[in-house]
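Protein chains: 2
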Amino acid sequence: MGKVYLVGAGPGAPDLLTLRAARILERANVVFHDALIHPDVLAIASRARIVAVGKRCGQISTDQRFINRCLVEAAARYEAVVRLKGGDPMVFGRAQEELDALAANGIDCEVVPGVTAALAAAAELKISLTRRGASRSVVLATPRIGTDQPVGEWANAAAAADTAVLYMGVGEARLLADVLKQAGVPGTHPVAIVQSASLPTARKLYTKLDDLPRRAAEMPPGGPTLLVLGEVLRQALSADQSRRQIPAELPATRASRA
Amino acid sequence: MGKVYLVGAGPGAPDLLTLRAARILERANVVFHDALIHPDVLAIASRARIVAVGKRCGQISTDQRFINRCLVEAAARYEAVVRLKGGDPMVFGRAQEELDALAANGIDCEVVPGVTAALAAAAELKISLTRRGASRSVVLATPRIGTDQPVGEWANAAAAADTAVLYMGVGEARLLADVLKQAGVPGTHPVAIVQSASLPTARKLYTKLDDLPRRAAEMPPGGPTLLVLGEVLRQALSADQSRRQIPAELPATRASRA
Numbered sequence: 718m719g720k721v722y723l724v725g726a727g728p729g730a731p732d733l734l735t736l737r738a739a740r741i742l743e744r745a746n747v748v749f750h751d752a753l754i755h756p757d758v759l760a761i762a763s764r765a766r767i768v769a770v771g772k773r774c775g776q777i778s779t780d781q782r783f784i785n786r787c788l789v790e791a792a793a794r795y796e797a798v799v800r801l802k803g804g805d806p807m808v809f810g811r812a813q814e815e816l817d818a819l820a821a822n823g824i825d826c827e828v829v830p831g832v833t834a835a836l837a838a839a840a841e842l843k844i845s846l847t848r849r850g851a852s853r854s855v856v857l858a859t860p861r862i863g864t865d866q867p868v869g870e871w872a873n874a875a876a877a878a879d880t881a882v883l884y885m886g887v888g889e890a891r892l893l894a895d896v897l898k899q900a901g902v903p904g905t906h907p908v909a910i911v912q913s914a915s916l917p918t919a920r921k922l923y924t925k926l927d928d929l930p931r932r933a934a935e936m937p938p939g940g941p942t943l944l945v946l947g948e949v950l951r952q953a954l955s956a957d958q959s960r961r962q963i964p965a966e967l968p969a970t971r972a973s974r975a
Numbered sequence: 718m719g720k721v722y723l724v725g726a727g728p729g730a731p732d733l734l735t736l737r738a739a740r741i742l743e744r745a746n747v748v749f750h751d752a753l754i755h756p757d758v759l760a761i762a763s764r765a766r767i768v769a770v771g772k773r774c775g776q777i778s779t780d781q782r783f784i785n786r787c788l789v790e791a792a793a794r795y796e797a798v799v800r801l802k803g804g805d806p807m808v809f810g811r812a813q814e815e816l817d818a819l820a821a822n823g824i825d826c827e828v829v830p831g832v833t834a835a836l837a838a839a840a841e842l843k844i845s846l847t848r849r850g851a852s853r854s855v856v857l858a859t860p861r862i863g864t865d866q867p868v869g870e871w872a873n874a875a876a877a878a879d880t881a882v883l884y885m886g887v888g889e890a891r892l893l894a895d896v897l898k899q900a901g902v903p904g905t906h907p908v909a910i911v912q913s914a915s916l917p918t919a920r921k922l923y924t925k926l927d928d929l930p931r932r933a934a935e936m937p938p939g940g941p942t943l944l945v946l947g948e949v950l951r952q953a954l955s956a957d958q959s960r961r962q963i964p965a966e967l968p969a970t971r972a973s974r975a
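Each protein sequence line maps, in turn, to chains H and B. Here the first sequence is numbered in our numbering, starting from 718 and rising by one per residue. Here the second sequence is numbered in our numbering, starting from 718 and rising by one per residue.
The reader is advised that the hints may include incorrect statements.
[Said to hold, decoys possible] Below, in silico cross-link-like pairs of lysine to any residue (SDA-like), each with a Cα-Cα straight-line distance of 25 Å or less:
(1) K843(H) / C787(H)
(2) K720(H) / A818(B)
(3) K720(H) / A919(B)
(4) K843(H) / A919(B)
(5) K921(B) / E827(H)
(6) K843(B) / K925(B)
(7) K843(B) / N785(B)
(8) K843(H) / G850(B)
(9) K843(B) / K925(H)
(10) K843(B) / T859(H)
(11) K843(H) / P938(B)
(12) K720(H) / K843(B)
(13) K720(H) / C787(H)
(14) K843(B) / V768(H)
(15) K925(B) / R960(B)
(16) K843(B) / I824(H)
(17) K843(B) / A919(H)
(18) K921(B) / E814(H)
(19) K843(H) / R960(B)
(20) K843(H) / E796(B)
(21) K843(H) / K921(B)
(22) K720(B) / K843(B)
(23) K921(B) / G939(H)
(24) K898(H) / T918(H)
(25) K843(B) / E827(B)
(26) K921(H) / I824(B)
(27) K921(H) / R951(H)
(28) K898(H) / C826(B)
(29) K720(B) / T918(H)
[Said to hold, decoys possible] So these bits of chain B aren't anywhere near chain H, every CB distance computed over 12 Å:
(30) A730
(31) A738
(32) A752
(33) I767
(34) F783
(35) V789
(36) N822
(37) A874
(38) R891
(39) K898
(40) L922
Bear in mind the hints are in silico, worked out from the structure with no lab data behind them. Heads up, the beta-carbon is just placed ideally off N, CA and C, and yes, glycines get one too.
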């Protein structure tokens, strides 16, 4: 009977993999991976059969029960089975269903933590999610939009924490902003949109909650996108607004000189 | 003028460093590090002068302004300056003060994210912090105990999120449990205490909020300790309680047989 490793692949950049994850991949016999795993990370698993099971992979069924069965069957055939997940396995990675299936079948399992996307977003912004005297709590949440509840529990959690990082939801920015305001977040609250954090294609912009729907529409479609909300962004938002006002004034100055 | 890298060293185990962090350490000229960084991580920086600036290091002043000044001065002398922090720099790492000092002096800076302790605790417990249908939000918070406020904002944030991970506070478990209950967390709420997550000396135990003060006292003093709270722990707590009841009943059964 083999062992299954639930491994975090980190936020996107292949060198944000941990040393432990790299060593396990090097000796893996089979790797079942999510969508959006960098090809350089998969290349480390040079001995392994590589199987894409992510929602966006499309190759094979991505039903969770199917993935669970794959892991259990692979553990019977191989010594080192890797389930490779984007970010960290224990944050929005649906790891529990797989852990339960492995435990139910008496299969040895190890979880290798990874850098979750919120941390890569903070690094991209160069803004700490916590700050002495200003932020003692950070919530990571996935918005649930379009359900019966007028205010989701996720929105209450986002409103109660000093800083919030929302995984997904930028495509529903108008509804998301409405729900957050119903939960008590002011329309002037600073927000950052961060796309493809840690990758060369990373993009970021600062706005306030009232302007989020308009500014989110400006962000071209691309990699995974997170929203960061909190007073820790206030200074960066102010600086950004100042910079954005300068080009709008320049042409008039030039015209009056001409 | 050199560049300063704010680097996350991860939760404790040296192989939970990222590949990027390891490569930067290999070519660092000087490393200013927190307490509790594993010696094997510091050993990677074989070319560098190593300077301990952590609160528990005691070697030199740990005043934040002093550390800021060290970084600014080092950037004038060296090409690659590393500020190495436990976990991730942007979560309870006081990174903002250093980032602001570097920006004020026009010094180029890069943040390298790391695995924050909450993720290592989840891996240690083998329990996902989120779960489909049960937990859509995780808050990371530092409790503030013994201030004027009867209920801290950190406790409201912890109560509002589905899962909470408290960095520090286990030494004040009675006050902490009281404040959480005032914030609306029920006394039956499942709690895990996780010490030295990711290290060979790791310890964990499950309890409920009402029993936290008593159980926290059972945990021997040791490495960094986190508290995890949430319904995601319910099944593990029940299983643990069943196991703990068996030894208490066995002697009676044996006695009656004898």
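Query raised in the report: In ascending order, which of the hints set out earlier in this document are inconsistent with the structure?
Result: 1, 2, 4, 7, 8, 9, 11, 17, 19, 21, 22, 23, 24, 25, 28, 30, 31, 37
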